[in-house]
Every structure is written in C-alpha cells, then in structure tokens.
Amino acid sequence: MTLSVSDVKRIADLAYIEIDEDEAKETLIQLSGIFNLIETMQAVDTSAVEPMSHAQSVTQRLREDAVTETDQRELYQSIAPQVEAGLYLVPQVIE
Amino acid sequence: MQWEIVIGLEVHAQLSTQSKIFSGSSTAYGAAPNTQASVIDLALPGVLPVLNKGAVERAIKLGLSVGAKINSPSIFARKNYFYPDLPKGYQISQYELPVVQGGNIHIQVDGTEKNIRLTRAHLEEDAGKSLHEDFHGMSGIDLNRAGTPLLEIVSEPDMRSSAEAVAYAKILHALVRWIGICDGNMQEGSFRCDANVSVRPHGTEKLGTRCEIKNLNSFRFLEKAIDYEARRQIEILEDGGAIRQETRLYDANKDETRTMRTKEDANDYRYFPDPDLLPLEIPQSWIDQIKQTLPELPQARRDRYVSAFALSAYDASVLTSSREMADYFDATLKQLPAQAKLCANWIMGEISGQLNKEGIEMTACPITPAQLAALLARINDGTISGKAAKTVFESMWNGELGKNVDAIIEAKGLKQISDDSAIEKLVDQVLAANAQQVADYRNGKEKAFNSLIGQIMKATQGKANPAQVNAMLKKKLDG
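Here the protein sequences line up with chains D and L, keeping their order.
With this note's numbering as the guide, the letters of the first sequence map in order to residues 1 to 95.
With this note's numbering as the guide, the letters of the second sequence map in order to residues 1 to 479.
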C-alpha cells in the first residue's frame, strides 16, 4: 500500500492533530517505513493462526454489579479549568 | 414504478444495571450533573476499565431469548472519535466478535407472521451529555451518563414497511422488559432506535443507497420518520436523481428528516481491539446457569395460550404484550380455570381500559387477579349479568366495600333474577299488558319480540337473566 501526503493529512485531521506541509512530508516518510515493515511481514503465511486480540493469554476479569463510587465531584472539578452549575465547561461545540 | 421499502433497525437498549459498564458509578437517572462520574468515567490518566458482570449477563439473556450464538471469546474495541462528552477520545464498543451473534424475532403484521433476522447485539458504553445553552459562549458537559451500559441490537434489512419496523421495535421493547434487562423507558432514552432506510424497484434484489435516521425515541416517530424518508427517496429517484448516503435527523415538529452529516464527512472510527480489556471468555456453564433464570418467553407463552386455552392469536399477543399483563392473566385464570376467554376479555377490556385511562401500570392495578376472578365467577354462575358486572367492577376499582364482590352485589341489588317461576310471572304480566305486540308478533312481526324483551328487562331494572327471559318468552309465544 502506498501512502500519499493527502492520506497523512486525512489521518491527522481525524486525530485532530495540526500539521504543516513539511511535517506532513516528514510523517509520510516515517509512516511509509512502517508500512514497508508490515508488507515484509505479510509474506509470512498466517492462514492457520488465530488472530491475537491481546498480548497476554489471560482472560477478562469481571466485577460484580454494585455501586462502589461515591460523589467526589468537588474534588474532581477542583482541577478543571472551568466549571459552572456542576458542569465542566468546554469551548462551544455545535455540529 | 412500484417501489419496495427496505428497513433495518439498530436499537440501543440501556441495560438495567446498578453500576456502569466499566466503573462502580451509579447509573441512576436524573442525578445532579457529574455526581455520578468517577475517575474512569472522566478518563483521568492511568485508570483502567473493569467489566461489569451484570452487563454481560444481560447481553447473554437477550442472546438466549432470540436463539442467537453467544461468542466466546468476545472482544472489546475502541471506536475513535472526538467529542467533548466522550473524554477518552474513544468509545469502548465491540466490533469483531460481539457477545451476541445472529438470532431471530417473530413479528405479526395484519395477521401475518414474519421472521426478522438479527445480525448481532454488542455491548458498549454510552457517552455523556453536552448542554449547548449559553454558558458565556461555552458548552456544559455532564458525564453522569458516560459509561452507562448499552446493548446495541442490530437487525438485518428484513423489514418492508414502517408498520413492520414498528411491530419489530415493539416486540423487542416488550422482550427486553420481559427478561428484565432494560426498563424500556423511551422518554428517558433507555430504548432508542436508529432506522436504516432505502428503496428499490419492486422485484429487484440490489439494495438501494440507504440513509440512517438517528435517535427515534417513540414508536410513532419511528413510523412517521420512515414514511417520510421513503417518500423523500422515491421522489428523488422518480425525478431521475440519486440518493446520497447520509445520516439524517427526524424533526417531529415539522414531520420531516434532514441531513445531519453526509458520507464524505462521516467519521472513520478506526476500530481496534482495546488493549485495556482482555478477551471476554463466556464458559458454557455460565450460559447454562443464566438459561435457568430465564422466564417463559413471550413467544412460548403466546403459543401456549393459543394451544392450551384456545385463545385467538390476537388475544394471545395482546395478553403477552407485557410480562405483567400475562402474569395477571395467568393468576386470574388460576382462580377460574376453564374460563380463559372470559378472563382474557375482561383483562384486555375493562382492566386495560381503566389502567390506560388513569395512566397507571399493571403492577399498580387496584383490583387483584383474585378479586377479578371472584367477580367473573359471579357472571359465570349466573348471579349477575355482564352489564351488572361492569357496575360491580367500577365499585371495586373505587375501593368500595373492601372490594368484596358479593357485598357490592348485595348492597347495589344487582343480583340477577334466575328463578324460573319468578321469570314466568314477569313474562305473564308483560304479555297481559301488551296484547297488541303479542298479536303483532303472531302476525309475523319479529321486531315485536325484542320490544317485549325490552319491557321485561325494564320491569326488572335489567336484573332478569336475559337468556332465561328469552327462552321463556319464546316458549309462551310459540308454544
């Protein structure tokens, strides 16, 4: 797969990362290197191997359905830049 | 050209757990903003999600109820997008290997049974809420809802009309409440529908370009939104245009759908397995254990009502529209076996009507199944007429005389006259006083018969047993 500068810009856009033209070109070179690596690995026949969804072969532990958290809004909001009426305030977002 | 409408539904059912899917915060509705948002829900650095067993259990319950496959292992994935009410920058959802795979829901529309296939049902967390009222040009974020467990239930595009879509949504809505995994409160957003709608020329196979209508929170809106959307698409196609794949919103005030976002600016969610969560193993022993706790399902009960009590398919489906109603019916019938139709009629008629009128739930019904059975027993043994029973019912509903059926009948003098000699005396009196009508009847005027019945009933204030009066009068006139 060949990556273009516009692909890099699209990915940056999705990730909300601002990059300029030079950074995009630089990133293209780095990402292409990673893609080459993947391409090399794809030569290995993995058809008989089950895809791994986690690096450790252990399974998920479950917790009982019980409320264990108490209201600590005041504490959590003490580090927020701006709060009002119990709400966290953020720059206006209207789609 | 004849068009065919193709509909698939995605339903988000909020699971009725006490705590959130990945944290120990409460899920109670209506709390003050951010008082139920812990470090995990706020996505502070370094915290890890721990999966709620109750959420998984509820997903398995649904899977078992629709005959689906339960995947083990099942995998959680990150769905990436940016929005301030999603502080992690991704929603934990499932992509490959959801807990529930496949399954079927049977619906009935206009007396015809139809099978709707399910694609999957997966667990995910809800996002928080953004409040766009003016906070000095800022938006307010409430994260109480963030991390609330949802089960997204996805159907195949098997529905062909808004009526079928509503029937499916209603059956699913009844089912999640029946098995106790979701409270089904649509006003509070516990059960929300997204509809995928496309149209194609009748008789063709290829699916048309679809539009998704988001967040329909009532059955009526679901129906109207689909009808509007299908009309819109057909008009465009008939004018030679093309449908653009997009997400649309339904505006209930204007009864129309409008563009929310198009495919071009659709998010690429870049799903990948969440490294914070290990594969979820669901041992068969756990599934078997959950199976033991499942109640008799609506479909099975419907079938039983038809086969064991000879009720019509319609009656059976109304009675099983909620578990509370079906339980009420069963409890009434237990007191009055062999009177299934009488019990069904009164529960679907008087009881449901009165509950609806007063806006109360079956569980809060002022008349217990035993009390209703006591009333119906008096109709059955001829003590009171069906009409008088309605008067007794009203008194019971209002709590008169300790809801004691016999005491109310006595106090109101509603006892039916069923004594043959008393009825004969009455009939003779009325015949003697209405010689003209007797003559009319004997001259072939059938109508005169009903008039005579009316006179007799009037003379007894409606208390004479109508069947006996009828037979006696016939005997006297014809015999």
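Note that these hints are calculated values from the structure, not bench results.
Possibly wrong hints are sitting among the right ones.
[To be verified] In silico lysine-lysine, DSS-like type, Cα no more than 27 angstroms apart, as pairs:
1. L:Lys425 to D:Lys9
2. L:Lys387 to L:Lys474
3. L:Lys357 to L:Lys425
4. D:Lys9 to L:Lys88
5. L:Lys447 to L:Lys412
Report task. May I ask which of the numbered hints given earlier this structure violates, with the numbers listed in increasing order? Result -> Violated hints (numbers, rising): 1, 3 and 5; every other hint is consistent with the structure.
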